[in-house]
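*Asks:* Here is what each chain is made of, one letter per residue.
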Amino acid sequence: MAAIPSDTSQKPRISYHEFYTDGFTPREHYRPLWEHIQSVGQNAFEAKVHESQLALHAEGVTFTVYGDSDEGIERIWPFDLIPRIIPAGEWSVIESGLKQRVRALNLFLKDIYHDQRILKDGVVPAELIYQGKDFRREIMGIDPPHDIYTHISGIDIIRDEDGKYLVLEDNLRTPSGVSYMIENRVIERRILPEFFAKYRVRRVEHYPALLLEALRAVSPRGTGQAEIVVLTPGIYNSAYFEHTFLAKEMGVELAEGRDLVAKDDVVYLKTTTGLQRVDVIYRRVDDDFLDPLVFRSDSALGVAGIINAWRAGNIAIVNAPGNGIADDKAVYPYVPDIIRYYLAEAPILHNVPTYQMTNPEERAYVLDNLERMVVKAVSESGGYGMLMGPASTPALRKEFAAKVQEDPRNYIAQPVVQLSRHICYMDGELEARHLDLRPFIIYGDDINVVPGGLTRVALTKGSLVVNSSQGGGSKDTWVLAE
Amino acid sequence: MLSRIADSIYWMSRYLERAGDTARLMEINLLYLLEAEEDMSEGDKWRPLLSITSAEAAFSGLYGEGQLTQGRVLQFMTAEKSNGNSIRTCLRLARENARIARDRISREMWEAINELWLNVDQQLKTPLHPLRASQFFSFVRGEVARFHGLTTTTMMRGEAFGFYRLGTFLEQADMTARILDVKYHLLLPDLSLVGSALDYYQWAALLKSLSGYEAFRRKYHAGFRPMDVVEFTIFEQEFPRSLAYTVKRMRRALADTGITGQQRSPAAMERLEGMLAGNSAERIFSTGLHEFLEEFLAAIAALNQAAQADFLDTHREEP
Chain L
1 MAAIPSDTSQ
11 KPRISYHEFY
21 TDGFTPREHY
31 RPLWEHIQSV
41 GQNAFEAKVH
51 ESQLALHAEG
61 VTFTVYGDSD
71 EGIERIWPFD
81 LIPRIIPAGE
91 WSVIESGLKQ
101 RVRALNLFLK
111 DIYHDQRILK
121 DGVVPAELIY
131 QGKDFRREIM
141 GIDPPHDIYT
151 HISGIDIIRD
161 EDGKYLVLED
171 NLRTPSGVSY
181 MIENRVIERR
191 ILPEFFAKYR
201 VRRVEHYPAL
211 LLEALRAVSP
221 RGTGQAEIVV
231 LTPGIYNSAY
241 FEHTFLAKEM
251 GVELAEGRDL
261 VAKDDVVYLK
271 TTTGLQRVDV
281 IYRRVDDDFL
291 DPLVFRSDSA
301 LGVAGIINAW
311 RAGNIAIVNA
321 PGNGIADDKA
331 VYPYVPDIIR
341 YYLAEAPILH
351 NVPTYQMTNP
361 EERAYVLDNL
371 ERMVVKAVSE
381 SGGYGMLMGP
391 ASTPALRKEF
401 AAKVQEDPRN
411 YIAQPVVQLS
421 RHICYMDGEL
431 EARHLDLRPF
441 IIYGDDINVV
451 PGGLTRVALT
461 KGSLVVNSSQ
471 GGGSKDTWVL
481 AE
Chain F
1 MLSRIADSIY
11 WMSRYLERAG
21 DTARLMEINL
31 LYLLEAEEDM
41 SEGDKWRPLL
51 SITSAEAAFS
61 GLYGEGQLTQ
71 GRVLQFMTAE
81 KSNGNSIRTC
91 LRLARENARI
101 ARDRISREMW
111 EAINELWLNV
121 DQQLKTPLHP
131 LRASQFFSFV
141 RGEVARFHGL
151 TTTTMMRGEA
161 FGFYRLGTFL
171 EQADMTARIL
181 DVKYHLLLPD
191 LSLVGSALDY
201 YQWAALLKSL
211 SGYEAFRRKY
221 HAGFRPMDVV
231 EFTIFEQEFP
241 RSLAYTVKRM
251 RRALADTGIT
261 GQQRSPAAME
271 RLEGMLAGNS
281 AERIFSTGLH
291 EFLEEFLAAI
301 AALNQAAQAD
311 FLDTHREEP
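Chains as they are written, first to last, in UniProt numbering: chain L, 1 to 482; chain F, 1 to 319.
Everything labelled a hint here was simulated from the structure, so no lab data went into it. It is possible that some hints are incorrect.
Claimed, not checked - Mimicking SDA-like on lysine to any residue, the simulated pairs with C-alpha atoms at most 20 angstroms apart in a straight line are:
1. Lys198/L - Ser211/F
2. Lys198/L - Asp39/F
3. Lys403/L - Glu362/L
4. Lys164/L - Glu362/L
5. Lys248/L - Arg218/F
6. Lys133/L - Leu119/L
7. Lys110/L - Pro78/L
8. Lys248/L - Gly258/F
9. Lys219/F - Lys164/L
10. Lys81/F - Leu31/F
11. Lys219/F - Lys133/L
It should be emphasised that the depicted structure is a prediction, and the values quoted were computed from it without experimental measurement.
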């Protein structure tokens, strides 16, 4: 939890620059890249930008933005050619911090849906869990295969003004972006192979192989009999490209809910030659829509009876239903305590200081300083339900203040962190833009983090909002070998 | 049809297919080496490619021993005029053969192969820059595939089509056996790497060189077990570049060409089929994969000779 600063008149601090030390001098690990960019020349670079766009078009690398129309708008994935580089030493800290965090959150989920020791010991307030919209009473006591809930996590990391890596949020439900991480690499390598000649970049394209391995590892019938499907809501989902990408890469079926049927607690795929048993479902459908018999009865996206099949131990659902309680933004401030509680270790990666609106003192402070705060609705994602203080209007602040007072449990606030900046190629100029990083963590027999992640960029000058649904872009992310 | 024309169509498709296969092989090798974490010398990275295309001797004859660099291999495999298997040479010969058979192939086929040659000849007038090479290979691969598509949709079925298919599938079988022999030989000994990221990339590269990566992943979910790879690349009936599939298509193509039992190639065809029928991955492992592939390549060479004798030598004997 955040300490309330005694001096509320302090000036906003300057963001950390990933690329330059002082505005002119590139950091050591960027020097070879910088020299190369200087030598390329603008015309050649312009041609490469064009080429990368053609490649993305030809390959159909897209995402969908939900709009007024039912179908959404399909957009080409926005991609900036200048890679972000993370030295090996920095990465090893991130990696061990992520593994630690996921291990603790997984134990937390198991505890919450079984004995609830952490609530009894008063480390996390019980009412916080019970009031959480994503806490699923229906799944209490279910034992998922191998006690794994968080098979795939995407944990958003930012750097503060001092360059320190901080966790911004945990995504433990159906985090997306991994296909774009891989496509970014494919495009970068195709368009600018000369960049790679200067570095030893660690590979990321084996992610689907690791994912497949993890999915097989949780098959209730053992890895020898692991019929796996990717369950998608369908072509209008924003991440549909990713669903097809992963299914194709893993060589498994991409199914919609209507392609599956549950009978006597066993789930089957409807094939031309009859019903075929399914063991593992990598679902990209939210809890709410997963099983109309258990959750939302009006859902046509899920499979009736799938939860009972899961309860009976006949199927693995990845990620486990009910995970949302662990990445609820109201639980986020407790994650360092959760790590200490289950692992008896000090957290390796820290949180962004966070004010809890249920605490009257913190709430009062936040409401007095809204223009310097980010206020987030706890169960929203993708940049929705958010107030960016510095960019807000008095009317909007008033609206949020009212919302917060009405339902404090549903909001948290954080001081505005000036996300670190990186140069981007914008209309012929190199300009600084804010960015974050979403690495992906796979929990199967072991916990694996592919060296890299999705670097998201706020394409609008000065903006701190990086979500692609809000017009963000992306960069290839390089983790260097030792 | 005239034996000469049959021969031209046969070689047109073989050379064209060889150019496409070589381009795919080079492209995969190039892309996988870009971010190589493992420490391999340039020679180690590129020698297998020369060995797959049996070009080692010609290469060292041209550059001398110990001169194996990426730049030289690229030049040698793409543009070198003295290399009978360089992409440029293959496309030139494919186009020449197409010109000979111009009245027996469709206009679309001719235009496609003619344009491809003109374009590649132009591009290779200056040395291919290593950083632009993968785009060049992808272009060649794509154009070869386009040619096959145009042929399938525009060429009359019958004898000529049989020769076109015989050449294509024979070339494919040959290339699959060669890639498997060389790559497998390199991959297998290092058991310590099984299951590692390196192992993953090496096997993926082998399968991608055969455009079989996705199909393999779909069929086998236990990672890259050597037995599965052999089973898939040799016996998988549904994988278009497996030996079993290509041999089966060669049999059909041979029937379409009108060659009869009186001639030499049906016997050669039977020998090839006999190597697969009743055989299994396990049995091949126990007697030696390399030995099997060597014998298979010899049987392909024998079929090639027999077929040519059947449709060409007859022609030579004519007054």
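*Asks:* Against each hint, give a clear statement of whether it holds in the structure.
*Replies:* So, going through the hints one by one against the coordinates:
1. Lys198/L - Ser211/F: Judged against 20 angstroms, a Cα distance of about 30 angstroms means the pair is violated.
2. Lys198/L - Asp39/F: OK: Lys198/L and Asp39/F at ~15 angstroms, within 20 angstroms.
3. Lys403/L - Glu362/L: Holds. Lys403/L to Glu362/L sits at ~16 angstroms (cutoff 20 angstroms).
4. Lys164/L - Glu362/L: It is violated: about 24 angstroms lies between the C-alpha atoms, which goes past 20 angstroms.
5. Lys248/L - Arg218/F: Status holds; Cα separation ~8 angstroms.
6. Lys133/L - Leu119/L: 17 angstroms, holds
7. Lys110/L - Pro78/L: Violated, at about 38 angstroms.
8. Lys248/L - Gly258/F: Violated, at roughly 41 angstroms.
9. Lys219/F - Lys164/L: Given that 20 angstroms is the threshold and the Cα spacing comes to 45 angstroms, the pair is violated.
10. Lys81/F - Leu31/F: Distance ~25 angstroms between Lys81/F and Leu31/F Cα, so the pair is violated.
11. Lys219/F - Lys133/L: 41 angstroms, violated
Taken one by one, the earlier hints fail for this structure at numbers 1, 4, 7, 8, 9, 10 and 11, listed in ascending order.
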